[in-house]
Amino acid sequence: MATPNIAARRAVVACAALVVGALSLTACGGSADANVGKGDGKSGSGNTSTAKISISAKDGSTGASINATGVKVSDGKLTDVKMTVAGAGTAVSGAISADGKSWKPAKQLDRGVKYQISATAKDASNRTAAANSIFTTVNSANSFIGTYTPDNGSTVGVGMPVSFNFDKVIGDKKAVQSHITVSSSSGQQVVGHWFGAQRLDFRPEGYWKAGSKVTMKIDLDGVEGANGVFGVQKKTVTFTVGRSQVSTVDVSTQTMTVARDGKTVKSIPISAGSPEHTTYNGQMVISEKFTQTRMNGSTVGYGGEYDIPDVPHAMRLTSSGTFIHGNYWYNRGNGNPPFGSQGTSHGCVGLADVQGAQGDTVAKWFYDNSLVGDVVTVKNSPDKTVAPDNGLNGWNMSWSAWTAGSAV
Numbered sequence: 002m003a004t005p006n007i008a009a010r011r012a013v014v015a016c017a018a019l020v021v022g023a024l025s026l027t028a029c030g031g032s033a034d035a036n037v038g039k040g041d042g043k044s045g046s047g048n049t050s051t052a053k054i055s056i057s058a059k060d061g062s063t064g065a066s067i068n069a070t071g072v073k074v075s076d077g078k079l080t081d082v083k084m085t086v087a088g089a090g091t092a093v094s095g096a097i098s099a100d101g102k103s104w105k106p107a108k109q110l111d112r113g114v115k116y117q118i119s120a121t122a123k124d125a126s127n128r129t130a131a132a133n134s135i136f137t138t139v140n141s142a143n144s145f146i147g148t149y150t151p152d153n154g155s156t157v158g159v160g161m162p163v164s165f166n167f168d169k170v171i172g173d174k175k176a177v178q179s180h181i182t183v184s185s186s187s188g189q190q191v192v193g194h195w196f197g198a199q200r201l202d203f204r205p206e207g208y209w210k211a212g213s214k215v216t217m218k219i220d221l222d223g224v225e226g227a228n229g230v231f232g233v234q235k236k237t238v239t240f241t242v243g244r245s246q247v248s249t250v251d252v253s254t255q256t257m258t259v260a261r262d263g264k265t266v267k268s269i270p271i272s273a274g275s276p277e278h279t280t281y282n283g284q285m286v287i288s289e290k291f292t293q294t295r296m297n298g299s300t301v302g303y304g305g306e307y308d309i310p311d312v313p314h315a316m317r318l319t320s321s322g323t324f325i326h327g328n329y330w331y332n333r334g335n336g337n338p339p340f341g342s343q344g345t346s347h348g349c350v351g352l353a354d355v356q357g358a359q360g361d362t363v364a365k366w367f368y369d370n371s372l373v374g375d376v377v378t379v380k381n382s383p384d385k386t387v388a389p390d391n392g393l394n395g396w397n398m399s400w401s402a403w404t405a406g407s408a409v
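Mapping the sequence shown onto the working numbering, position 263 (from 1) lands on 264, and the numbers just tick up by one.
There may be inaccurate statements among the hints.
To be verified - Derived SDA-like pairs: lysine to any residue, alpha-carbon spacing no greater than 25 angstroms straight-line: (1) Lys-218 x Ala-107; (2) Lys-290 x Thr-378; (3) Lys-380 x Asp-390; (4) Lys-290 x Thr-156; (5) Lys-83 x Ile-97; (6) Lys-115 x Ala-142; (7) Lys-210 x Ala-402; (8) Lys-290 x Thr-241; (9) Lys-210 x Thr-239; (10) Lys-380 x Thr-279; (11) Lys-115 x Gly-88; (12) Lys-290 x Gly-322; (13) Lys-169 x Asp-390; (14) Lys-214 x Ser-253; (15) Lys-380 x Gly-322; (16) Lys-102 x Gly-88; (17) Lys-380 x Thr-239.
Stated by the list, open to error - The calculated label-pair distances, taken between Cβ atoms and stated as ranges, are: (18) Gly-88 x Asp-173: 30 to 38 angstroms; (19) Asn-48 x Ser-75: 16 to 24 angstroms; (20) Thr-241 x Ser-75: 37 to 45 angstroms; (21) Asn-127 x Thr-237: 38 to 46 angstroms; (22) Glu-277 x Lys-218: 46 to 54 angstroms; (23) Tyr-331 x Val-170: 43 to 51 angstroms.
What the hints contain is simulated information worked out from the structure, not anything from laboratory work. Even glycine gets a Cβ: it sits at the ideal position worked out from N, Cα and C.
Assemble the whole structure, with the sequences as input and the hints as a guide.
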């Protein structure tokens with residue numbers, strides 16, 4: 002999952018280019034656009050430079066972009082640009098383009114920081130123009146970001162949706178959704194669906210086509226997601242869909258059948274939920290993988306019924322705590338392990354394993370052969386179907402219901 006690294010962050014306010022004119026600089030003030038200076042006297046009809054400098058962040062502005070702030074010049078070339086943290090004087094590195102027409106910072110700016118830019122340029126007659134701007138970037142209180150999954154460059158299973166979780170309540174869902182586009186090389190139609198006001202998922206009608214490339218374009222810079230709250234992200238993310246693997250757990254036989262690219266590759270005995278703690282039915286997507294992890298019943302509403310510090314080969318299926326995982330602590334008293342015969346878990350799907358996650362077990366095989374985004378479908382359980390927003394499980398919603406939840 003992607004976590005933030007998240008993602009490139011953009012500006013609160015679209016900073017329009019200022020009207021360019023011949024502006025004089027004084028010792029106590031300046032402008033984001035200026036063309037003031039003296040030439041060398043060799044040519045030209047006067048001492049005013051024709052070079053026109055434009056700094057994208059207006060002098061005195063308080064919502065400047067953390068992504069798009071920069072300097073441009075027309076009718077001349079930049080000769081020097083200095084950017085610092087105002088007050089502290091800390092330099093911000095950047096580079097003038099090869100043609101001398103623009104400058105931009107080397108890294109994304111920080112939110113809520115006051116910066117200063119001073120720029121000079123010369124026109125064809127070697128006359129100097131100068132401009133400066135002191136501004137503050139958008140702060141975290143007035144901006145929002147979306148943590149998304151999957152990560153850029155990852156390879157995922159065919160069931161993996163694109164999922165955004167926003168750190169602020171989104172009031173204008175249409176504005177936000179319309180600035181995120183998801184497309185696939187397979188040509189499948191991809192539609193977004195809102196789960197409440199802070200989560201937006203995208204998926205096609207059916208699973209992704211194996212081997213396809215999916216591209217997500219995030220263009221939220223300056224988009225007003227709620228009153229006075231603007232996006233700061235601008236990024237393109239791509240991921241690859243791997244082979245198709247869909248595993249079906251039949252609770253009535255306590256067996257899981259693993260199918261890859263439509264062909265059965267393995268049948269595995271399992272132990273699903275007990276009669277008291279049944280397993281959800283439905284299509285569930287693997288969202289996380291852990292070679293070993295702690296499982297404490299108190300974190301999912303079971304009090305002190307269990308606390309296992311080293312559950313092996315665990316893969317998350319729901320946000321409420323359903324996993325498919327290895328089990329080494331099963332009762333060996335009667336000599337008959339429960340796998341393939343009875344449900345004994347608190348709702349998870351258990352596979353035979355050994356402590357330490359080192360053995361050559363079916364649990365290890367399944368873990369090693371699974372991707373985040375693979376689908377595990379459970380059927381014939383006495384429980385209800387898993388909720389579409391409990392994990393990455395929007396496949397349990399009809400296409401008509403899914404598209405009805407789109408804001409565009």
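Worksheet entry | Which numbered hints fail | 14, 16, 17
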